[in-house]
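Chains as they are written, first to last, in UniProt numbering: chain A, 1 to 305; chain B, 1 to 305; chain C, 1 to 305; chain D, 1 to 305.
Calculated from the structure, these hints are not laboratory results. Please note: incorrect hints may appear among the correct ones.
Claimed, not checked - Label pairs and their calculated CB-CB ranges:
1. Glu296(B) x Met1(C): 35 to 43 Å
2. Asp288(D) x Arg84(A): 28 to 36 Å
3. Arg284(B) x Ala31(D): 45 to 53 Å
4. Gly233(C) x Ala61(A): 52 to 60 Å
5. Gly141(B) x Val123(A): 39 to 47 Å
6. Asp168(C) x Thr184(A): 55 to 63 Å
7. Thr184(C) x Val278(B): 41 to 49 Å
8. Asn96(D) x Thr170(C): 14 to 22 Å
9. Leu139(D) x Val123(C): 19 to 27 Å
10. Ala31(D) x Gly190(C): 46 to 54 Å
Stated by the list, open to error - Here are the simulated lysine-lysine pairs, DSSO-like style, with alpha carbons at most 27 Å apart:
11. Lys99(A) x Lys299(D)
12. Lys299(A) x Lys99(D)
13. Lys283(B) x Lys299(B)
14. Lys299(D) x Lys283(A)
15. Lys299(C) x Lys283(A)
16. Lys299(C) x Lys283(B)
17. Lys99(C) x Lys299(B)
18. Lys283(A) x Lys299(A)
19. Lys283(B) x Lys299(D)
20. Lys283(D) x Lys299(D)
21. Lys299(C) x Lys283(C)
22. Lys99(B) x Lys283(C)
All residues carry an ideal CB built from backbone N, CA and C; glycine is no exception.
Number of protein chains: 4
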Amino acid sequence: MVRLAYLGPEGTFAEEALRRLAPDAEGLPAANIPAALNAVRGGEADGAVVPLENSLEGAIATTLDEFAWGEPLLITAEVLLPVRFSLLARPDTTLNQIKRIYSHPAALTQCRGYISRELPDAVVVAAPSTAGAAQEVALPGSPYDAAIAAPIAGQHYGLTEIASDIGDRTDTMTRFVQVARPGTPSAPTGSDRTTLVVFLADDHPGALLEMLTEFSVRGVNLTRIESRPTGDGIGRYFFHFDFEGHIADARVGEAVSGLHRICGEVRFLGSYPRADGVSPQIKRGTADPEFAEAAEWLKRVRAGG
Amino acid sequence: MVRLAYLGPEGTFAEEALRRLAPDAEGLPAANIPAALNAVRGGEADGAVVPLENSLEGAIATTLDEFAWGEPLLITAEVLLPVRFSLLARPDTTLNQIKRIYSHPAALTQCRGYISRELPDAVVVAAPSTAGAAQEVALPGSPYDAAIAAPIAGQHYGLTEIASDIGDRTDTMTRFVQVARPGTPSAPTGSDRTTLVVFLADDHPGALLEMLTEFSVRGVNLTRIESRPTGDGIGRYFFHFDFEGHIADARVGEAVSGLHRICGEVRFLGSYPRADGVSPQIKRGTADPEFAEAAEWLKRVRAGG
Amino acid sequence: MVRLAYLGPEGTFAEEALRRLAPDAEGLPAANIPAALNAVRGGEADGAVVPLENSLEGAIATTLDEFAWGEPLLITAEVLLPVRFSLLARPDTTLNQIKRIYSHPAALTQCRGYISRELPDAVVVAAPSTAGAAQEVALPGSPYDAAIAAPIAGQHYGLTEIASDIGDRTDTMTRFVQVARPGTPSAPTGSDRTTLVVFLADDHPGALLEMLTEFSVRGVNLTRIESRPTGDGIGRYFFHFDFEGHIADARVGEAVSGLHRICGEVRFLGSYPRADGVSPQIKRGTADPEFAEAAEWLKRVRAGG
Amino acid sequence: MVRLAYLGPEGTFAEEALRRLAPDAEGLPAANIPAALNAVRGGEADGAVVPLENSLEGAIATTLDEFAWGEPLLITAEVLLPVRFSLLARPDTTLNQIKRIYSHPAALTQCRGYISRELPDAVVVAAPSTAGAAQEVALPGSPYDAAIAAPIAGQHYGLTEIASDIGDRTDTMTRFVQVARPGTPSAPTGSDRTTLVVFLADDHPGALLEMLTEFSVRGVNLTRIESRPTGDGIGRYFFHFDFEGHIADARVGEAVSGLHRICGEVRFLGSYPRADGVSPQIKRGTADPEFAEAAEWLKRVRAGG
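In isolation and in its complexed conformation, chain A is listed as follows (with noise of 0.2 Å):
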């Protein structure tokens, strides 16, 4: 069987994730992010479940450099994951029993008008997971009477959903991408995305619009640019991109080989089916039998043919 490292404890929403992407994998909670990612380098676990980004708090940077700085890997899959918040008790709590709800930071920020309109008594106190609150309210004598958390939690945790999809915003997503260790991407799907990190080669005016312009030229669409400090000064940063396609087509691999004669480094991610299963718009003269042309064209042209 399959053994997929995630962030835990169980119950998290990367398990939820992770569920998703392979139903019936192992799953192997890991500590955190890097400790997740290490057992995959390890050969702990055949793959990992990790965040990428979410659509109100951004960029995992932790994710970002570790893919950028730590010994390489591969992102073969990803999934987007609605992130909904439940209100997750003891059995036999009601909603007026809740005094203490526990929760991490950014779960409680995005419930704040449920708390404030359903619970403005309750003290909210910061838990360092959304499961690991779950974990401590389903112990017996726990200090607090709710956790907010996925639904995941309650269902691991044995905790009654009192209510559910309680987040201010309903279409809050993250972003999770599956890794492997280095080796063959999956064949191209028609609905790809690449992703890789670039580091400049020298950090010159017009160093970023020369890059874009590497991917314009031959039609290949961005869908995230990240900007991250190499740790060598303010002002000094690398860049993470996805775009659409596919490493194996032709625009993407010319871009990429572009981008890798003008950078310091790239690095390769992964190239992998998108989530969202959308089809790029191939611009004129890119796609993969244009480019195949063109090249049979330009060796007669210099055989003189």
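Guided by the hints, dock chains B, C and D onto chain A, whose structure is given.
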């Protein structure tokens, strides 16, 4: 006396930044970044000093989002603060008496080398902030023997500096900005930076390239770009830009107007002297007198002169 | 009565163009293009009508160079004239009596199909101009039996039109422009064209790309580009640009000012109604009200509003 | 012996260019440029030498159009020929005996200063070519006293050089190219030029900018651009490009393939040593070894290495 809010408690790096920016100001410690900014918005403070980015950790998302979504504020100054960690203990404590170290997780991470070398057997415990750790250590009967915090925290809480500059990297910096309620930016100094938030009108392929071209065609060099989620789902972002020059500069004004025309919303966050004092290289044809001369020329041409 | 110089003698396509542009004007035939333009410069004529380009032959280099180097003139109108050749002979001549055909080489080339089909045994002789050929054929005792020229030449010189529209292509066009001494361009009509001459400041790689970017970033579409030698050696060129819009348009004014700033010299040749009446597609953010609103916005931002 | 056609008669600048390019070749004078090129196409000549552009007059449209529309040919060499005009007369003629000067109008124009200074009363008469003028003057009983032509024409027709270098500008140059039937281009020399003809697929705004970006993104510098009408009406053009580098260069091959993909038709006209011997500045990341390394890298990445 000018009153400036900052991320408290007393003894934080933010307070140190404030002292550098405004040695004579009265500091008002705030519980968190939004609280510091709200003190300005509400008039309890004349300004605030908040971190914007760190050379190891990256952007401070809370600050970016507050600047983008909160009631408008104006950045009036910046400072680059070296992040120098000290090992602080109650007077008379010696290095080999330290069994339990208390600090913010980021500080503990950044001092990992020192701890494993000098205090390999010490237990490290996570604190909500470095200054809070120092405050706690200073209490008689504290369960912690030492804090890792800014030197200023030692002074504030009467702790002895057992070791200084104990970070693994000695070049880590945090960039703090001083903000005020909206008003006229101070006059250009010749070495200025401008900060913007830009929301797209519609998220089409090439939108980022178009934005960067608005800058480059007027010879305005970007110094930082950050993407942040709009909250409307994965794949929807807005942007923070830092760039060389002052909003009063002709080339900056035209570039920013160009963004305003083609984007959904542009929020001006301020033009202020650069902390590094670097003067920009001004590309041929983009200096103020060249813009003025071109405007005169155009007027004549339009009038048939 | 307005007096307009044109490339004579009477009966040229230039005269036909003049009649379309200014039916009531008095035409002053000139010996060549520079002479026609000098008549305007010197005040003997109020304007001139000269060819700028032909859809088969390309740009009229003399016109381009006169506009670039000569004393400045202003283009005030354009017309697209179909080039229709007629076979013209003295009255009573029949097709099978035609043994010697006289015309300008370009006309002979463009009527090659007709000649080889209908007059395969005729001798063709090169004339200095089509109208001159008609003039010559009209003389009693002329050694030539027929001229190929514009229909108007037949009317002028009392010749019979034996065949009309005898060109191999029936869609050949010449674009003529009307010029005047410098003055205020006429008001925008919503379907205008603007013409510029641009000399580079220094001929560096990418200079042309930079110029085109000045246009594209303001959404100004080029309709023609010509390079011409500066005279200073092979590899040194200046440029003629035609593009959509009027110098009074904000987007055109900003683009043209941008060129003025980054180039060595920009000579404005005029904004005038397009002969084809096509209205430009105006890119989002580049219409006049959007420029005006952005200028207001910038003013407020600079003032701290 | 290699036989090269050229624009005759003997004594033209074209013959002089031919002598420089191929001193030992047999020259075959042709009546005009198409005839010279057709001699190559039909096999009567091994190659031809034709003018491409002149530093005063600009492009030679006939040559450009022959290269674009005629049966394909390959440019194999270029030469920059100084245009030096001599005043040539029958032996024993003295300057003050010259009453009638015969030459091509372009030559008469370019020697206007000399004529008005030294022969203010002479009548000037237009000839079909400078060499033809010399040939005519050499005939006993010619109505002309002197020709203005290339020095080589004097040698050919036994004329005396009364004055040399009489052009108003002494730096006028004509660029001639040598062409052959299609075949493999000669090997790169490190200082090469490549010439292309490009037809657009559809004439949309920004098409030219896109073409230039294909070059610039691979660091290929243009040295000449010419637009020519397609014949399908005013506003429809195709383009001639000269640029640094050889079709065998990786950066050139990729740029040209890119044009081939996005344009309607690209016709390769040849890669050949530059007459000026200038070596291009190769932009970081665009040298052949960098392309080769990037291709290897991409292969590994795709294979999961």
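Hints, one by one, checked against the model:
1. Glu296(B) x Met1(C): 35 to 43 Å: 38 Å, holds
2. Asp288(D) x Arg84(A): 28 to 36 Å: 55 Å, violated
3. Arg284(B) x Ala31(D): 45 to 53 Å: Given range 45 to 53 Å: holds, Cβ gap about 49 Å.
4. Gly233(C) x Ala61(A): 52 to 60 Å: 57 Å, holds
5. Gly141(B) x Val123(A): 39 to 47 Å: This hint is violated: roughly 26 Å between Cβ atoms.
6. Asp168(C) x Thr184(A): 55 to 63 Å: This hint holds: roughly 60 Å between Cβ atoms.
7. Thr184(C) x Val278(B): 41 to 49 Å: With a Cβ separation near 45 Å, Thr184(C) and Val278(B) satisfy 41 to 49 Å, so the hint holds.
8. Asn96(D) x Thr170(C): 14 to 22 Å: For Thr170(C) against Asn96(D), whose Cβ atoms are near 56 Å apart, the range 14 to 22 Å is violated.
9. Leu139(D) x Val123(C): 19 to 27 Å: 24 Å, holds
10. Ala31(D) x Gly190(C): 46 to 54 Å: This hint holds: roughly 51 Å between Cβ atoms.
11. Lys99(A) x Lys299(D): 61 Å, violated
12. Lys299(A) x Lys99(D): 61 Å, violated
13. Lys283(B) x Lys299(B): Holds, at about 24 Å.
14. Lys299(D) x Lys283(A): The hint holds at about 24 Å.
15. Lys299(C) x Lys283(A): Cα-Cα ~40 Å, so violated.
16. Lys299(C) x Lys283(B): 24 Å, holds
17. Lys99(C) x Lys299(B): 61 Å, violated
18. Lys283(A) x Lys299(A): 24 Å, holds
19. Lys283(B) x Lys299(D): 40 Å, violated
20. Lys283(D) x Lys299(D): Given that 27 Å is the threshold and the Cα spacing comes to 24 Å, the pair holds.
21. Lys299(C) x Lys283(C): This hinted pair holds, its Cα atoms lying about 24 Å apart.
22. Lys99(B) x Lys283(C): 67 Å, violated
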